[in-house]
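*Asks:* Spelled out, the chains give:
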Amino acid sequence: MGAGHAHTLHHVGDSPVHRLPAHVKIVAAFLMVIAVVATPREAFWVFGAHLALLVGIWVTARIPVAAIAARSLIEAPFVALAVLLPFFATGPRTEFLGLSLSVDGLLAGWNILVKGTLGVLISVTLGMTTPVRDLLAGLARLRVPGMVTTIATLMVRYLEVIAAEARRMRLARVARGHDPRFLWQIGPTVRGVGTLFLRSYERGERVHLAMLARGYTGSMPLLGVPTTGRRTWAVALAPAAAAVLFATAGYA
Amino acid sequence: MTTEVVAMHMSDGIVNAPTSLAFGVVAIVGLAICVARARRDLDDRTAPLAGLVAAFVFAVQMLNFPVLPGVSGHLLGGALTAILVGPYVGALCVAIVLVLQALLFADGGLSALGTNITNMALIGTFVGFAVAVALRPLARRSRAGLLVTAFVAAWVNTVVASMGFVLEYALGGQGLALGTVFGLMAGFHALIGIGEGIITALTVGAVAAVRPDLVYLLRGQRSELTITEATVR
Chain A
380 MGAGHAHTLH
390 HVGDSPVHRL
400 PAHVKIVAAF
410 LMVIAVVATP
420 REAFWVFGAH
430 LALLVGIWVT
440 ARIPVAAIAA
450 RSLIEAPFVA
460 LAVLLPFFAT
470 GPRTEFLGLS
480 LSVDGLLAGW
490 NILVKGTLGV
500 LISVTLGMTT
510 PVRDLLAGLA
520 RLRVPGMVTT
530 IATLMVRYLE
540 VIAAEARRMR
550 LARVARGHDP
560 RFLWQIGPTV
570 RGVGTLFLRS
580 YERGERVHLA
590 MLARGYTGSM
600 PLLGVPTTGR
610 RTWAVALAPA
620 AAAVLFATAG
630 YA
Chain B
63 MTTEVVAMHM
73 SDGIVNAPTS
83 LAFGVVAIVG
93 LAICVARARR
103 DLDDRTAPLA
113 GLVAAFVFAV
123 QMLNFPVLPG
133 VSGHLLGGAL
143 TAILVGPYVG
153 ALCVAIVLVL
163 QALLFADGGL
173 SALGTNITNM
183 ALIGTFVGFA
193 VAVALRPLAR
203 RSRAGLLVTA
213 FVAAWVNTVV
223 ASMGFVLEYA
233 LGGQGLALGT
243 VFGLMAGFHA
253 LIGIGEGIIT
263 ALTVGAVAAV
273 RPDLVYLLRG
283 QRSELTITEA
293 TVR
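Protein chains in written order, with my numbering: chain A, 380 to 631; chain B, 63 to 295.
Calculated directly from the structure, the hints in this document are not laboratory data.
Restraint-style ranges between C-beta atoms, simulated for each label pair:
no.: 1; chain 1: B; residue 1: Val88; chain 2: A; residue 2: Val553; range: 40 to 50 Å
no.: 2; chain 1: B; residue 1: Ile95; chain 2: A; residue 2: Leu624; range: 29 to 39 Å
no.: 3; chain 1: A; residue 1: Ala445; chain 2: B; residue 2: Ala206; range: 50 to 60 Å
no.: 4; chain 1: A; residue 1: Pro395; chain 2: B; residue 2: Val272; range: 45 to 55 Å
no.: 5; chain 1: B; residue 1: Val210; chain 2: A; residue 2: Ala422; range: 45 to 55 Å
Think of the CB as a built atom: it goes at the ideal place given N, C-alpha and C, for glycine as much as any other residue.
Isolated chain B, as found in the complex:
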């Protein structure tokens, strides 16, 4: 069976040099803010833990899932990491994964690092987390609510991240009419988003069932201690 990977990193040459550089600056400024704010969630000494989360993101991005017969996508993981470890640490982990993929595996162009980080690490993570926060009351109510929240967050995150690409293409791409690019990207990513959403929802559900204390989105929620009387025979 031939599989074609549709969700992928941008290569060099898709957008021109000024756009690449401009988004490089956007990425660096965004990540600097993330580093500063991540210290609040995570002091220097717990950085090893974030390293393992980044390794997890890397491993999960290697997981292909079927979108249509013969076509597979891979997880971006923005909403997933944002819900599990928070947007700042999450964006940092995804960005580090992207940098190392470019440096160690030549996956994604060096000049496209700025655009890739902006789309997948910054837009993906923060949009996903904003949606999840908006739906947090629902997520706290029940398990089904949590799954729906995670699904919607991941779907929106995928589609909006692809709109980041459309914006970059509008600024510095050439060849295709903008409407065509918009239609292609929106259509494909609405499909990929369903896969991303289902995987994100079920993963968050699996983690919440065992260690709800690890789900960043639900932190600060104290479950009441319930005392049930055991029947003594």
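If we strip away everything but chain A, and leave its shape as in the complex, we get:
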């Protein structure tokens, strides 16, 4: 009871995009995001071109647009920031529907809105086409220190356990009439956080001992590491390279 499902982004599928090695996809996603961020804000058509690249990837990966949209809602708070900017920014102002708006603020708001949205769409595309364990193995192949990937792997593995424990504790509080509305009513919640830390730490000690008993020597074996050919790199980096080209064209 109380145990939920993993709410990670992954969308099971078998397509050329899904089959690309994870570390290649991570590099491609980072490059593409940097290209989007580096695009000048007045080069409106370039953002359309970036979006077209993404649509191409979605079609190849056969992932439904509705699923992408649902997972992109995490970005919603930033829309508020982008909407506020035209009202508060400085510089020359323009009239629109009787509102006095800052030109620079409008552009700055557009800048955050479009780059933030494209960034989330790229992250979501990476997350939807790559299973979590492959992402972690991909980080290891990108020479992230073993200590970091071990911590990350264990974190992902126990995240649901800890989160479910937190949910059960919350349920127990709510069942006893706890309904905090103000900061000074937070006592029971916080004692729960303390308990959660102790249980996490002690679970960590037990997990560690159990791993030692099964022959753990300090590093996780990397299973199935086929070498990545140049062709795979070229195919995976093609959209990112196109994005870089578009961004450069935006300066012209």
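Add chain B to chain A, keeping to what the hints say.
*Replies:* Just chain B now, kept in the frame of chain A:
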């Protein structure tokens, strides 16, 4: 009731590409130092334990607390983890949480990872821990002292981490006057810091009451063995 989350990760596009890349380098160098120093607190074989601490940080960041009616913030957890497991392991755990939030949940932009890690994992954890170390004599004196130390550390950590954002915005942001950004961030985070401080203080207090040996800040403190005579009837 509508709730709005005010404490959040930066998205892509808030600061420009050179600033994002520069802070990416800052984050990588900072984390490399953390990895090297964390081995001292934690050898390779106890990494699983740090993994569980990271899972705890992740779970705690999902906990929203009311700041004002209708507005809620979530815990950053920098000072909390620094006080409980030390600044190096703490920064590493918070950074790993941020990376996985970006990769697995699209929370926080990929290009903003450098700035987010610099603000929340590096500045947050180390400033919080520095304040806690400065106040350590007070923390060792009494339970109330420990709570005050944790509160102040968490409050300062929240406000200074938001100043990290102001610095990044000054270098690579656009649109708003710097004074406006400074005022907004300082004001909001002074409020959020109170929530962060109270939660941090009470959590550290709850842990110290049961397992004081787990509180990194108080390590090396040997409590004297006191022998009390039982009255025999």
